[in-house]
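K.L.:
So you can see what is in the structure, the chains are spelled out below.
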Amino acid sequence: MIGSSRFPIPQGTLDMLVLQILSLGPAHGYGIAQHLQQLSREAVQPNQGSLYPALHRLEQKGWLKSEWRSSETGREAKFYSVTRTGGKQLAAEKQSWDRLATAVQLIFDEGR
Amino acid sequence: MRKLWNLIRGKRMEDELERELRYHLERRVADLRESGLSEPEAHRQAAVEFGGVTQVQEEVRDTWVWCWLRDLRQDLRFSRRILSAHPGFTATAVLSLALGIGANTAIFSFMDSILLRSLPVGDPESLVRFAWRTRQDEVHGMNRHDDSYLDAKTGYTGGFFAYPAFELFQRNSALFSSVIGYQGAGDLNLSVAGQAEVAKTEYVAGDYFRGLGVAPAAGRLIGSDDDRGGAPRVAVISFALSERRFGGRAGRAGQPVLINNLPFTVIGVAPPGFFGVDPAMAPDLYVPMHTQGLWEPSARGPAAGGRFIDPDFDWVDMMARLRSGVTLERAQAVLDPQFAEFERTVTKVRSRDDLASPIVLDGARGLDGLRRTYSKPLYVLLALVGLILAIACANVANLLLARAASRRREIAVRLSMGAGRVRVVRQLLTESVMLATMGGGLGVGLAVWSIRGITLLLGLHADLNWRVLAAAAALSIGTGILLGLAPALQATRVDLAPALKESRSGDRRTRAGLSRALAVAQIGFTLLILVATGLFARTLSNLESIELGFNRENVLTFGINAAQAGHRAPEIATFYEDLRTQFAAIPGVRSASLSQIPLLGEGRYMTMVGVPGAKPKGSLIMNVGADFFSTMAIPILLGRGIDERDRADAAMTAVVNRTLAKEWFGDQNPVGRRLTVSDCPKCEIEVVGLCGDARYGRLKEQFPPTAYFSFAQWPVEGMTYEMRTAGNPLGYAPAVREILHRADGRIPMADVRTQRSLIDGLINREIAFARLCTAFALLALGIACVGLYGTMSYNVARRTGEIGVRIALGAQRWMSRGWCCGKRCCWSRQESGSASSFFWRTRALRQA
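Just so you know, the sequences run in chain order A and B.
Using the working numbering, read the first sequence as starting at 1 and increasing by one per residue.
Using the working numbering, read the second sequence as starting at 113 and increasing by one per residue.
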């Protein structure tokens, strides 16, 4: 594992990452994929296609909303943005992630 | 809802998804080419990075459908778990709804089949029916079912016409494509392969089936050639009879049968669901109109066969089918002068200044006798069952309310864990719709069962049909949504923090008001139904205690028709009289007599009666034998009754009742005065006696003017014997049969009844409605009790902890019991009472 620069990400985590990226501003699917790659310094690289079921699932849940508008290249693209509930959800997930991470860190520190 | 919408606009979403994915791939290819890859290489690389496009599309589609279905499945599973976790609650709610919906579906089925449904014939919209109207009560001929009635405003309406009038209508072929004549024949004796049974029979004119547009289920139906004097004797049977007696299709047409001991051939079977033109009648057997002379020459009317030419004897019931383009108004306009001419020139007995005028009515629903008789009671019943449903709904609402209160905490937890408000409301709604659906399903089952019961009780016919089922479904789902919505919305409008901190008991203050109102409404509705039941029962007891003018107890009645066995005048009168003396001699028989029909139970005969030189008026008439008045215990006030002296060759005599005497002779002694009767214009009839008023034909009207004649002095057909007996009248039937068999073995003894059961038959409907109402009242009471008990026990169960604390603090057990009971008894004082007790207790605690 240590040698590998890529590892598969659990579904819930992907949702959280997508929400996080979109909280910075609206983006289309390709943009999100690029962004993910840059943000995680290539460590997290999902199969790009699997991004779309996640986007649609989040949209169905009402955490994302979408609209078609022209992208930077001038072509029409579907842009996603975070809804209010989506924002709350992200906050809640961040919090619980923080708690989990802190707890895990504490346990690791203790063992040191 | 949005997900459902997604499913519907699937096509657009597919297109958008495809565009979205294509955009991604093309951007990637472009980027890769910019970084120096060749075109095919870039395509390959992009495809590898992306993964299978089809697979991604599949997965996305899954999220559309599955999100929705998964939520639904979760809701359903969760609802089921919740409901089965509280079996008492679920049972109470489902049972309440089932009873409410079941009763409503049953009554609605009857309304549908009696008030709303059209005749089961082709193109019912073009059917019309006829009636006539005069200013006063005037009947010549039959008045067999409730088709004629007197209305204070419109005058007298009659539904029967003379045969020549029927022919007159038939001649209007420019208006009508066919004119349909028919007449109920009552119960005839049908014998198939040696097995006899009573069959409800209808006389039908030749055009009946063709005109109604009915196709046979087997064989052929009666046509014009079958309905004329001397034609071969044929009959058509109903589908139900064919199934019952002939076992389905085999050998129905061409089957020889005996009808009233005369050979007939069954030529065909009417289609299933065809009940004739009157939903109340539903005949088993149809025979041509002209066969009527074979066994039912009218006793008072013209001689057998003569009624087909007599313009003054009304007996044909009529409908017609309008030609296309002909309106009711046009038909009315054409018929008016024709019928007026007929009345003026052809009829003889109708009073010249009050001739009947015809009315053309919409005939799509058949005869309205049944509708007129049953519509009001049915609306009353519908109101009752509506109230029952309201009680049931109040039950469920109260239960759901109490539960929503107790679930505030649970809902608060779910909301705080991130469940959407809509999602929670939806879950609660699913729960109540599930309850309603279960209630509705069970209710339809109950309805099927109770329709059968009511059919037996009222003798009406109804089926559970799709319309009724839809109404029940709408009712139950609507109830569910209505009931689910209020508590659901209330429950989610929760301030989370206090709700989470709240103890398990929930806050009762907010819901106490609504819950109390519901309970009070329930009790109120139940009371209302009980009062209505009381009224029905009161009506029934009034009817049962109505003054008859004769003694109904211990009277055996039965019919004997010697004319059918070939006895003719004048011998037939002697035959009947001989039988009477023999019956009177049976040990235990106090006296025996005979009359055309029983006083109550088989209708009545009417004609115009007057005194010489005055315009006659409509009155009831009855031909009786010797000892009639003593047998029926009708008092003779002056003179004598009809007796053995009033033979065919003696001077014609009559006995009049008090009302008739008052009408014609005032306070003077009627004995020795003369009467005229329109049936026999030349006869001079002497009044020999005055008798007390007695009910005849109908129970509920004023005592009608009635004249009694000696049967021997008028044309004689079948007669009804009355025997006053010691002890149970039916016990004497074997002795009678024995005597009759010895006198003439060909004559059967028909309609063996008691006068009492005949009268009960008249008030059948009232008895049935009183019983139904009682059943409904019990139902309402039951539902209300179950509901109140359910709500109360639920509340108490939820507060077990509180009660425990009270007892621990020193309250006696009886105090808590009293607290629970008192709450139920004086509901209105609950709030103040328990509040003050709480106050008192907390103070005591603080002091301690």
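Don't read these hints as lab results, they were simulated from the structure.
A virtual CB, placed ideally from N, CA and C, is assigned to each residue, including glycine.
Check each hint, because a few of them may be wrong.
Claimed, not checked - Using 16 Å as the maximum straight-line C-alpha spacing, the simulated EDC-like pairs for lysine to aspartate or glutamate come out as follows:
| no. | chain 1 | residue 1 | chain 2 | residue 2 |
| --- | --- | --- | --- | --- |
| 1 | A | LYS61 | B | ASP174 |
| 2 | A | LYS61 | B | ASP465 |
| 3 | B | LYS812 | B | GLU775 |
| 4 | B | LYS812 | B | GLU689 |
| 5 | A | LYS65 | B | GLU128 |
| 6 | B | LYS312 | B | GLU714 |
| 7 | B | LYS460 | B | ASP424 |
| 8 | B | LYS488 | B | ASP183 |
| 9 | B | LYS727 | B | ASP299 |
Stated by the list, open to error - Computed far set for chain B versus chain A, every beta-carbon distance over 10 Å:
| no. | residue |
| --- | --- |
| 10 | GLU128 |
| 11 | ARG139 |
| 12 | VAL165 |
| 13 | VAL168 |
| 14 | VAL172 |
| 15 | GLY298 |
| 16 | GLY342 |
| 17 | HIS402 |
| 18 | GLY590 |
| 19 | ASN663 |
| 20 | VAL701 |
| 21 | LYS774 |
| 22 | LYS812 |
| 23 | GLU829 |
| 24 | ALA845 |
| 25 | LEU893 |
K.L.:
Checking a non-interface call: every C-beta of chain A should be farther than 10 Å from the C-beta of HIS402 of chain B. Is that right?
P.N.:
Its Cβ never comes within 10 Å of chain A, the nearest being 77 Å, so this holds.
K.L.:
Over 10 Å to the closest beta carbon of chain A is the bar; see if VAL165 of chain B clears it.
P.N.:
violated (7 Å)
K.L.:
Is the claim that ASN663 of chain B lies outside the interface with chain A correct, judged by CB distances over 10 Å?
P.N.:
Consistent with the label, ASN663 of chain B stays out of reach of chain A, its closest Cβ about 83 Å off (over 10 Å).
K.L.:
Taking only the CA atoms, is the gap from LYS61 of chain A to ASP465 of chain B under or equal to 16 Å?
P.N.:
violated (85 Å)
K.L.:
Would you check whether the claim that LEU893 of chain B is not at the interface survives, using Cβ distances to chain A and the 10 Å cut-off?
P.N.:
Consistent with the label, LEU893 of chain B stays out of reach of chain A, its closest Cβ about 48 Å off (over 10 Å).
K.L.:
LYS812 of chain B and GLU689 of chain B: Cα distance at most 16 Å?
P.N.:
violated (33 Å)
K.L.:
Mind checking the alpha carbons of LYS312 of chain B and GLU714 of chain B for me, to see if they're no more than 16 Å apart?
P.N.:
holds (15 Å)
K.L.:
Would you assess whether GLY590 of chain B, listed as outside the interface, keeps its beta-carbon beyond 10 Å of every beta-carbon in chain A?
P.N.:
holds (28 Å)
K.L.:
Would you say LYS812 of chain B is clear of chain A, with no C-beta pair closer than or equal to 10 Å?
P.N.:
At about 69 Å from chain A, LYS812 of chain B clears the 10 Å cut-off, so the statement holds.
K.L.:
Taking C-beta pairs only, is LYS774 of chain B more than 10 Å away from all of chain A?
P.N.:
Label holds. Min Cβ-Cβ 88 Å, cutoff 10 Å.
K.L.:
If I take the minimum Cβ distance from VAL701 of chain B to any residue of chain A, is it greater than 10 Å?
P.N.:
holds (90 Å)
K.L.:
Is the nearest Cβ of chain A still more than 10 Å from the Cβ of GLY298 of chain B?
P.N.:
Non-interface label stands for GLY298 of chain B: nearest chain A Cβ at 71 Å, farther than 10 Å.
Going down the numbered hints, you'll see the structure goes against 2, 3, 4, 8, 9, 10, 11, 12, 13, 14, while the others check out.
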